[in-house]
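Peer 1: Here are the chains, one letter per residue:
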Amino acid sequence: MLPQDRRAFLKLSGLAGVAFASALFPGHPASAQAADFHFIQFSDTHWGYRGPANPDAEHTLEKAVATVNVLPNQPDFIVFTGDLTHTTDDPVERRARMKRFREIVSALRVKDVRFMPGEHDASLDKGEAYKEFFGAPYYTFDHKGVHFIALDNVSDPAAKLGDEQLAWLAADLKQRHADDRIVVLTHRPLFDLMPSWDWTTADGAKAIELLMPYKNVVVFYGHIHQEHHQNTGHIAHHAAKSLIFALPVPGSQPRRAPLPYDAASPGKGLGVRDVAMAQTAKLTEVGISGA
Amino acid sequence: MIQRRVFLLAAMATAAGTVRLVQAGTNEVRISAKKFEFNPAEVRLKVGQPVVLVLTSEDRIHGFKVPDLGLRAEIVPGQETRVALTPDKTGQIVFFCDVFCGDGHEEMGGTLIVEA
Ligand SMILES: [Cu+2]
Numbered sequence: 085m086l087p088q089d090r091r092a093f094l095k096l097s098g099l100a101g102v103a104f105a106s107a108l109f110p111g112h113p114a115s116a117q118a119a120d121f122h123f124i125q126f127s128d129t130h131w132g133y134r135g136p137a138n139p140d141a142e143h144t145l146e147k148a149v150a151t152v153n154v155l156p157n158q159p160d161f162i163v164f165t166g167d168l169t170h171t172t173d174d175p176v177e178r179r180a181r182m183k184r185f186r187e188i189v190s191a192l193r194v195k196d197v198r199f200m201p202g203e204h205d206a207s208l209d210k211g212e213a214y215k216e217f218f219g220a221p222y223y224t225f226d227h228k229g230v231h232f233i234a235l236d237n238v239s240d241p242a243a244k245l246g247d248e249q250l251a252w253l254a255a256d257l258k259q260r261h262a263d264d265r266i267v268v269l270t271h272r273p274l275f276d277l278m279p280s281w282d283w284t285t286a287d288g289a290k291a292i293e294l295l296m297p298y299k300n301v302v303v304f305y306g307h308i309h310q311e312h313h314q315n316t317g318h319i320a321h322h323a324a325k326s327l328i329f330a331l332p333v334p335g336s337q338p339r340r341a342p343l344p345y346d347a348a349s350p351g352k353g354l355g356v357r358d359v360a361m362a363q364t365a366k367l368t369e370v371g372i373s374g375a
Numbered sequence: 675m676i677q678r679r680v681f682l683l684a685a686m687a688t689a690a691g692t693v694r695l696v697q698a699g700t701n702e703v704r705i706s707a708k709k710f711e712f713n714p715a716e717v718r719l720k721v722g723q724p725v726v727l728v729l730t731s732e733d734r735i736h737g738f739k740v741p742d743l744g745l746r747a748e749i750v751p752g753q754e755t756r757v758a759l760t761p762d763k764t765g766q767i768v769f770f771c772d773v774f775c776g777d778g779h780e781e782m783g784g785t786l787i788v789e790a
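Listed in order, the protein sequences are those of chains D and V. End of the first sequence sits at 375 in the working numbering; the numbers just go up one at a time, nothing left out. End of the second sequence sits at 790 in the working numbering; the numbers just go up one at a time, nothing left out.
Honestly, I wouldn't trust all of these hints.
What the hints assert, rightly or not - Covered stretches of chain D (chain V as the covering partner; in silico rule of three or more C-beta atoms under 8 Å from a C-beta of chain V):
#1 166-180
#2 273-282
Stated by the list, open to error - Listed below are several chain V residues computed to face chain D (Cβ distance under 10 Å; list not exhaustive):
#3 K708
#4 E711
#5 G783
As the list claims (entries may be wrong) - Only pairs whose alpha carbons sit at most 25 Å apart, straight line, appear in this in silico DMTMM-like list of lysine to aspartate or glutamate:
#6 D:K244 to V:D777
#7 D:K244 to V:E789
#8 D:K290 to V:D777
Think of the hints as simulated: they come from the structure by calculation, not from any bench. All C-beta atoms in this analysis are idealised placements derived from N, C-alpha and C, irrespective of residue type, glycine included.
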């Protein structure tokens, strides 16, 4: 489906679709003959959150699953870029939230689903419960000519990738060619988006340095609960919306408190993202029906 | 711990743009951390006057990060973490906990208010 058609469909179906029209990869497409595919990014679902920023918190995730399930053009796979669950000090409750989260998302029609931790999932127990439910917190996979790298900048509660993971990343990148298409998935921004709000990764600059020699790198992340697009050199970083509540534009208010819930438009600021990877790759923000 | 303190002193001298040595008898300001607040959360300092922040924790490990001064430390229960600085201009400088500590961590922060 061409991006134009997709927008038309989203309008017809009453979904709020806004295309972010820019080439996904800044360099020339490394393999123009690579098969066309798309994936969907979910982020910051915070299952278990209760609070005024989303009085409908118990249903938002189910609505997002239902919205994606009726998309006529189902994605090849779905990624969740962290904060699957909202944090709790109680290890039993943490596991109960992860279990329920997993049940809800198992209703997705697409069965190829990849997870990453956020600090709410992993920082209090260094990823112990997360690994029980979702496996390795950092890993790679390949899909139709694109190399995906999931990075974990949350299992260390001080928001570090750590030397071990950086060495692993360096070893993985050594096997790539300079013009390979590489997609990095992670929770926190790897760059200093807003240090005074702690919107950064302590040693993220080291990961960016390792990625710099590669011409076709794009990063998708979450954590900041809003759409955001910024480059470090030729590398584009795209933050996704949350599925629980929106956070303010960086620096727009003194504190990074959640934006107030708007009963008149409850799904405002929430959504998932479709990423179409082809010669004219596009990002499309998809609102949640019924939210 | 000793090594960390030395590092913080060096970092401060650079960040504050001053070569002034921290004198014995420098003013100490105690800041206590617990989930999810610093006490006091507002600390008044005088410009050009060396100060040592003495950080302690009542419950668990917290972080103390001051991005504008290029400074961070960890606050471990049962220990005093000492951070020396000499503010070189007036204004407000934010600090916050950067070690995720639970539901409320995002609100754990404070302000250094530097006065003439
Ligand atoms: Cu804390």
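Peer 1: Please go over all the hints and tell whether each is borne out by the structure.
Peer 2: Quick rundown of the hints versus the structure:
no., hint, verdict
1, 166-180, "holds (count 4)"
2, 273-282, "holds (count 3)"
3, K708, "violated, 14 Å"
4, E711, "violated, 13 Å"
5, G783, "holds, 8 Å"
6, D:K244 to V:D777, "holds, 20 Å"
7, D:K244 to V:E789, "violated, 34 Å"
8, D:K290 to V:D777, "violated, 29 Å"
Hints 3, 4, 7 and 8, counting from the list given before, are not met by this structure.
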